[in-house]
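Asker: In case you want the letters, here they are:
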Amino acid sequence: MIDVGVQTKGILPEMGLEEGVAFIAAAGFERVDFNLDTFLKNSDIYTGRINSFFDADLDVMLAYFGEYKRTFEAYGIKPSQMHAPYPIFVPNRPDVTDYMQKVVIPKSIAIAGQMEIPWVVMHPFKLQYKFGLDVERAMNLQYFQSLIPLLKEHHVGVCVENLYEGVGGRITEGTCADPEEAIWYVGMLNALAGEELFGICLDTGHMELVRREPSEYVRQVGSRLKIMHLHENDALGDLHQMPYTFGSKPEDGVDWETFRTALEEIGFDGTLSFETFPCMNSFPRGARGEVLRTIKAIGEEMVG
Amino acid sequence: MLAGVQYHAPLSLEAIADAGFSYAEIPYEVIEGEGLPTYEKKEGENRLLRVSGFLYPLHKLTPEKLYEILEACKAYQGNYIVLETMNCEPGIFEEVVEECYGMIEDFGIPIFLENGCQGDDASGYVHNEYSDVTGLIRIANFYNRLCDRPMVGICYNIGYGNLLAKNIRSQLYQCREYLCMVHANDNGGRYNDKQMPYTFTKGRGDLVTDWYHIIGELIRMDFQGWMIFDTTGLFARCPKKLQTSFMRIQSALVREWESQYTFAERVLGKPDKKLILFGAGQMLVDYMQEFGKKYPPYFAVDNGQARWGTEYMGVPIKNPKEILQVPEEDRNVVICCMYYDAIGAQLREMGVEYEEFHDRYYV
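Just so you know, the sequences run in chain order B and F. First residue of the first sequence? That's 0 in numbering that gives the first Met the number 0, and the numbers climb one at a time after it. First residue of the second sequence? That's 0 in numbering that gives the first Met the number 0, and the numbers climb one at a time after it.
Check before you lean on any hint, since a few could be wrong.
Partial list, computed: chain B residues near chain F (C-beta under 10 Å) [unchecked claim]:
#: 1; residue: I10
#: 2; residue: E13
#: 3; residue: L16
#: 4; residue: L61
#: 5; residue: Y63
#: 6; residue: D94
#: 7; residue: D237
#: 8; residue: P242
#: 9; residue: Y243
#: 10; residue: C278
#: 11; residue: S281
#: 12; residue: F282
#: 13; residue: R292
#: 14; residue: T293
#: 15; residue: I297
#: 16; residue: E299
Simulated restraints on C-beta separations [claimed, not checked]:
#: 17; chain 1: B; residue 1: E115; chain 2: F; residue 2: P326; range: 45 to 51 Å
#: 18; chain 1: F; residue 1: R137; chain 2: B; residue 2: E263; range: 55 to 61 Å
#: 19; chain 1: B; residue 1: L140; chain 2: F; residue 2: E352; range: 53 to 59 Å
#: 20; chain 1: F; residue 1: R137; chain 2: B; residue 2: Y74; range: 58 to 64 Å
#: 21; chain 1: B; residue 1: E263; chain 2: F; residue 2: Y38; range: 34 to 40 Å
#: 22; chain 1: F; residue 1: G303; chain 2: B; residue 2: E115; range: 35 to 41 Å
#: 23; chain 1: F; residue 1: Q304; chain 2: B; residue 2: D54; range: 51 to 57 Å
In case anyone wonders, no lab produced these hints; they're calculated from the structure. Idealized CB from N, CA, C, for every residue including glycine.
From just these sequences and the hints, can you work out the full model?
Answerer: In structure tokens, the structure reads:
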């Protein structure tokens, strides 16, 4: 059975734990994408402004997120996926890269394990435009392979996500934008792990930006598809808005009907998770509850 | 404000009513075609879905057609006729109204002239005769002089204004005396998407359209006319099953805007209570500029210890704990800081009830 979920970004921790979880539950969600990346923002990582959140002892962090787990459970919510802080590799900042790879990511995996979150999204390193594809692949493979013992220990899997890059003032394809590449990563890593520890996270908005149809991607990656980031944009910017809110004709934007058919074809039985946090900022606060309920309704309609 | 939604297939009238709207604006071409679809009321439903008015493209208007629409508007108990000026050559309105102003006055049904532009999604959009409100005002003014009472007003379409990169807030301000209707829809400035307000953003939720200032301007002018959502692009795209859900967001927007209309009297106008503002940063400056004279705060509080014991424009700034020194029945606490969620959580923890001031509508 396919579930419907929404990311916690824009809601947690801003609204307060109890209030935020209640807000999500009131919209009818039973699954969430837990945004651990809100505790160490990507904009700060890129600029080397690393806060002290992940400096805390693991036991202290597990106790802190244990409260999250209990609150989710109290409201009948089970996190289906987690977004780890990113990027994991920061060019020209070996100190930050080292901290991300040796401190932040291992602790993220432990937190996911404790919260019983089966899949963690990690952005592969984006190096192909600077160092070439071979270097990018070798370094990604090496790093993700190094995580295998930890993943086994905590019973957590990693999903690589289709990414885009900004080159020459425009958006271009990034790592795993080509489904063949995502398949290659997952195949190699699972072979190295000897079990299915790696899967694919499909980001529909990123697909739109590089002029690909998510349904085609779904058909190609098949059962390797484990989790999703569902959202829509104007095909120009990574806007993370609700499906159907761009364009004016049935054929505009993402073809959600064909997408649903593709999911049926591959027998997808995970969570349709929406990555639509800017809606929490762009709509007036008084309309946010209705926006979240509508996102749930969109998911239910897709489930059929 | 009188709120409604423009009907256009495949949108159902039931979805409009289910979301709590009482008015539907009808393109007259629907009447000319298969007629208005039957609206099926649910069992036990008391609410009436009424025709707010009719919509018709000005470039197709003739005196005979205007008579026909006025008759239909009267029959359906509509309140207005709005004339669309998209891709319309100049002079048509003048020709028709000059011939028909007596008839318009006899029917007592006002005509709203909408701003428009020239072009399409493929070639882009440029100004036409009806794009600037100064031109619309000139036309309205001329014909209102012919009648004993004003019969021509302005409908401002926010989406069309956006396509022409207008300062919509200023356009509304300029035509405030003639503004009878707003057509609310959104786009990214390139295509005539007719999507729901607040959906076009840049970055991580920064609005493309200046919605807060637009609504703020309407509040300032105490606009009491029609606010009609013409979001046909959204309903052309979304599955039928989702129509009511999306319509409910629009209904929530109306409630939000109406709550901002009454903010001053509802929240600040409590002379028997001590007004305490939470936040002593930029938003306090904004508050004092907008409401400081009429509704001066008793004091403000702030989490920044460095501000405790200081004053801004005569307002003492204190430790948030000081809120509890004012008896519950005597205090009126209003968050005056962009971190509404965090401060709201802090106040709930303290057992303090609160309201929120949103300076985005005013500054």
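Asker: Against this structure, judge whether each hint is valid.
Answerer: Structure-based check of all given hints:
Contact between I10/B and chain F, as hinted, is supported at the beta carbon level, the nearest pair being about 8 Å apart and thus within 10 Å. Annotation: interface hint on E13/B holds; nearest CB of chain F at approximately 4 Å, less than 10 Å. Interface restraint check for L16/B: the shortest CB-CB distance to chain F comes to about 9 Å, inside 10 Å, so the restraint holds. Using the Cβ-Cβ criterion of 10 Å, the hint placing L61/B at the interface with chain F is not satisfied: the shortest such distance is roughly 23 Å.
Annotation: Y63/B was flagged as interfacial toward chain F, and the flag is violated, the nearest CB pair being 16 Å apart, outside 10 Å. A cut of 10 Å between beta carbons decides the hint on D94/B: the least distance to chain F is about 27 Å, and the hint is violated. Satisfaction of the interface hint for D237/B is found here, the shortest Cβ-Cβ separation to chain F being roughly 9 Å, below the 10 Å cut-off. For the restraint placing P242/B at the interface with chain F, the shortest Cβ-Cβ distance is roughly 8 Å, inside the 10 Å limit, so the hint holds.
Taken as an interface hint, Y243/B checks out: its beta carbon lies about 4 Å from the nearest beta carbon of chain F, inside 10 Å. At its closest, the beta carbon of C278/B sits 7 Å from a beta carbon of chain F; the interface hint therefore holds under the 10 Å criterion. With its C-beta approaching chain F no nearer than about 4 Å, S281/B sits inside the 10 Å limit, and its interface hint holds. For the restraint placing F282/B at the interface with chain F, the shortest Cβ-Cβ distance is roughly 5 Å, inside the 10 Å limit, so the hint holds.
Restraint check, R292/B versus chain F: the minimum CB separation of about 7 Å is within 10 Å; hint holds. Hint status for T293/B relative to chain F: holds, with the closest Cβ pair at about 4 Å, below 10 Å. With 10 Å as the threshold, the beta carbon of I297/B comes within range of chain F, its nearest partner Cβ sitting at about 6 Å, so the hint holds. For E299/B, the shortest C-beta to C-beta distance to chain F is roughly 9 Å, which falls under 10 Å, so the interface hint holds.
Between E115/B and P326/F the beta carbon distance is about 47 Å. The supplied range of 45 to 51 Å therefore holds. About 59 Å separates the C-beta atoms of R137/F and E263/B, a value consistent with the hinted range of 55 to 61 Å. Distance hint check for L140/B and E352/F: the Cβ-Cβ separation is about 56 Å, which falls inside the suggested range of 53 to 59 Å. As the Cβ distance of R137/F to Y74/B is approximately 59 Å, the hint placing it in 58 to 64 Å holds.
For E263/B paired with Y38/F, a C-beta distance near 35 Å keeps the hint of 34 to 40 Å intact. At about 39 Å, the beta-carbon gap between G303/F and E115/B stays in the expected band of 35 to 41 Å. Separation of Q304/F from D54/B is about 24 Å and departs from the stated range, judged on CB atoms against 51 to 57 Å.
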